[in-house]
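Chains as they are written, first to last, in this note's numbering: chain A, 5 to 318; chain B, 440 to 795.
One or more hints might be untrue.
In the PhoX-like style, the derived pairs of lysine-lysine whose C-alpha atoms are separated by at most 20 Å in a straight line are [as the list claims (entries may be wrong)]:
id, chain 1, residue 1, chain 2, residue 2
1, B, 705, B, 447
2, B, 655, B, 729
3, A, 307, B, 522
4, B, 579, B, 679
5, B, 705, B, 617
6, B, 754, B, 496
7, B, 522, B, 729
8, B, 579, A, 307
9, B, 754, A, 120
It should be emphasised that the hints constitute simulated quantities derived from the structure, not laboratory data.
Quick caveat: nothing in here was measured; it's all calculated off a predicted structure.
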Amino acid sequence: MDIIEQIGLFLQSAVQTGTPILFAIVGGILCEKVGHMNLGVEGMMLMGAALGFTVACATGNPLLAMLAAGGAGAAGALIYAFITVTLRGNQVVTGLVLTIFGTGVSGLIGSFVSDKQIPQTVREAFSPMEIPLLSDIPILGDALFSQDIYVWLGLIIAILAYFYLNKTKLGLYVRAIGENPGAADASGINVTMHKYINILIGGFLCGLGGAYLSTAFLTTWQDNVTAGAGWIAVALIIFSTWNPLKAIFAAYLFGMLRGLNYKMQGWEIQIPSQLLTMLPYIATIVVLIFIAMRKKKENQPPKALGESYFREER
Amino acid sequence: MSRISISKRKRSASAVADVLIRIGAIVGALLFIGIVLAIMGYDPINVYGKIIQTPFKRFGGVMNYTIMLTTLSLGIAIAFRMKFWNIGAEGQFYMGAFGAAAVALSMGDLPPIVLLPLMFIAGFICGGIWAVIPALIKAKFQASETLVTLMMNYIAIAFISYLQYGPWKDPAALGAAKVPNFSENAVLPEVLGVHSGWIIMLVLVVIMTIVLKYTKFGYQVDVIGESETTAKYAGMNTVKIMIIAVIISGGLCGLAGFMQASAVEKSITDSMSAGLGFTAVITAWLAKLKPPVILVASFGFSILLQSGNSLQLMKIPSSITEIMQGVIIFFVLASEFFINYKITWHGKNSGAKEAA
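Bound-form chain B, shown alone (with noise of 0.2 Å):
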């Protein structure tokens, strides 16, 4: 009788197979994609090309995308790593964004050289606490962290509304419901073309990629996400190491509110994610938590994004690119499985093949 089996992979597969299991499944999911567009009536090659073609002719929108995933997937990953599911990104980006414009409504008068680093730190630490909240839930009565950031994103977008709606609603607005604009002071400035974000986001993939490679402390968030009791053993202070680990991930959740909120918005609203805390969790993961390659997959998934906008204007819904982010990463998590199970078929009487 013949039979197939699966066993987990002793060693995980080479890294050049890895890569290639990963974009055979992105190709895999745009043919797959192609074909449904064609029966559907749309020329599968103009919405490609339509699509390639938005970073040329919107890098400034793509880049605008690119800044605030890289920077809220860094912030997830650290937290991933250490097997600490973070999925409250999204309310850390809006409590940076808070921090960062409570210091800019209140101090707006100070010159950018320090009103904008004053930003900076007040977005980290607002994200921080929102991310630490949960950290500290959890190290004193073990409630699950995932539950717990999620649930903490909806609170603080009630939050950012209640502000928007009542205390910091700009009586100048003429009853639409909205908060003042920043001082010019508290924007950040172009560089290129693109508001500075984007070199404080190549900073931060910089230190990030160093701090978790190459420090002890990120050896120790790899350790206590391999085993939190190996890492107790080896006399870690994993409770410490969580917890600093946690702030850094809100913090930088926070610092993408703070550059969204500083040179997009300039100014907040309980909109101004649009859900882009959550889609980092799905390119931070894509991504395998590893720095260089979360700014590549922010990169290519901020062009699906920005592209819904050219599409619309073709008379081809924007949801299409909701649907293609769905559709490649149900392959790519569908690709995951070749990767880390290896497939035997024994045959009716030889011995075992191996299909994988």
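With the rest of the complex left out, here is chain A (with noise of 0.2 Å):
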């Protein structure tokens, strides 16, 4: 194999494996923007993970897979949504009551199916497909054009989601309730419908990153298949300051270095494998230190995350 296809291969499976969590930062980032942190990232793959799983082995119908694990996903969200936005309930607990919540349904949802098998027709739904003469493209072919659906499906939903918050009226209502529920209350929009519908697309996709681990990546069953991977979703939403589109840069490049991880280790140069596995989170912390030290306007967490939103009586 030469160093040209090498290196494309590598990128492939760096895309490969930065998808799930892309999926994840964008629905977090959704979440985020309306002021709503949620730790519940891993709870919500989990569930999707476990749901998509087990109606894939039941159908065989990739497409109702996905919309499954996307619709556990959004039922874990629309709990945690109902108990923050409509209850006021406090943000961190609920988040990390759902993660918990999420792993135990996921693990009982699993322990129903540890003996099934993704059937053929979701196998090859989901596996790469060569795109016709772009394939062809030196590095370039292997790392974009030989991908499965779900790839694509991220990226296109994370420009989507740029599109979305930044270009549209929506997105402008979002952004005015993620910095002041209050004023944006007080200027008419509908602060507890967006906040519903942004957590809620946020947990589908979730639930879709989870399944893409448990559908596309494994055959069989596998208890905890997120492995984390939610969490370093949240610390990426940080690191990609809450922009989808560089969210697609931290969601390969934690795939790249998940992926050189393993090659080092057939190398001569030895760093410790843990080591590798800390860079993503003092990469966020730097990433904080710095947007609160420029104070640059577009890259500043929202204003008003992790706060309730209460409208007095007027």
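Build the complex: two chains, separate frames, hints provided.
Printed below as a string of structure tokens:
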């Protein structure tokens, strides 16, 4: 294998590793943009993974599996939204509980399908497709044009989310709510509705990300299949400074880091893999400090992040 | 036209109503789970029976969890009272375990009376340092402590993992990546069948109750939690108080790490917390950040955690207990609303009727 091909394959797997996390980052960004910090990402991903896997086995229909996975994530998000938006509960606690709950639900569902296998139809639907001609381009051909449907979907969703947040009127509402829900409310924006919609879409995306791990990467059920991917996503939301386009970069970069981790075991230079594991988190702290110092407006966390909004009677 | 309006309560609901609402929520959650279990074909009475028996049959196991959860929650509580959202208990726990292990592995020959206190101090200091880093970052750059403490967790776990697979790997373990066992001197002795961490835990509960309730420092912490501006106007050195409180917060979490490493693991591993650093956030919150209540809440949660194992023997997936934890807290979270808010229903022609 020549070096060009190797680089191509390396990038191909990096993009695949990054894709489930990309879904979760974009989902998390939507949620945080309306001012809600959701630490339940891991739980929603696991719920999506389990239900997606179950439906894939039961129906053999890849589309249904994806919808079920997204639906499971959105169901988790609905609990979160009801408690934090309608009942104004504590976001940190609700998110953490959602992760525990989601882990439990996924373990329970998983215990029923532990002997099942992903049917051939689903496996084929989620396997990489080579796009004629484009996939022959060196490096990029493997990295981008020989990918499965999830990779494409992830990219498209991230780009759509960027336009939604930054170029549409709805996005303007969302950002206004995240910055100052009181002012948004006063100007006639339906704060509660927008919060629900974005949190639910966010949950849907997290569920999809989880299902990518359970239905496209594996053929049999594995407990706790996300293995912390949701927490990495929480970190990378910040790393990408709440920007879905940078999220693509963050997710793939993380995928490369993971890949490097495996590759290096065969190399001469030995950097302990755990130190590489730390890197995204250290980088995230550095980014946090950096954006706090520079005070550049578009990179800041949503101002009302983590605060419940309560409209006083007038 | 009839209309429901919601307003913040001027004063919070009475203490009795508060407790009743919470207990009602927990009972409601248990009923709900019971119905779900029945629908799924399990006998809910049998399941609950097993769970209730757990503290009698597996008291040691329940207490191990209780000691960890209580100590971690105490640490979290002092930070949360100040509205410093320390969700880095997990990382502070691991660093505390690391500090204790560093002492135990390098000075294992010292007699227990010297060695254990040294481990105790090392655990406290390392946990405190790990917590003070986000506090300093917050004080200097105003970066959100919620996010930084969360990141610090993963850095700590990766660090322990690095030690376990790298420099601290036990050459005698035949290829298995494992930190060597501590010497006998570094193991907390058992008292009345449970490792003596329970005494430390009880003492800590008492100390924290006194500190938070009856000292000037505890009062200052609460004032900062109420309003940092007020605290500044009152002439408090808010940064200094915050730093001290955060060191105590991380230190306590570090102590939990020391106790788990010394008494239960007799070594350290990169999975020894079993995620309890996050569960402790929940128990601390459930107990309204009050030390004596934390003890009760932690004990209750520990029963659930421990009973997962006994349920598995009945061919009931242990994940049920995770779902139960989730549902119970969801119910309590929801009930909180009725404690903090007043729901008024304006009828068609009548005046306001109170519904909660």
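So, going through the hints one by one against the coordinates:
| no. | hint | in the structure |
| --- | --- | --- |
| 1 | 705(B) - 447(B) | violated, 50 Å |
| 2 | 655(B) - 729(B) | holds, 17 Å |
| 3 | 307(A) - 522(B) | holds, 17 Å |
| 4 | 579(B) - 679(B) | holds, 12 Å |
| 5 | 705(B) - 617(B) | holds, 12 Å |
| 6 | 754(B) - 496(B) | holds, 18 Å |
| 7 | 522(B) - 729(B) | holds, 14 Å |
| 8 | 579(B) - 307(A) | holds, 19 Å |
| 9 | 754(B) - 120(A) | holds, 19 Å |
Checked against the numbered hints above, the structure violates only hint 1.
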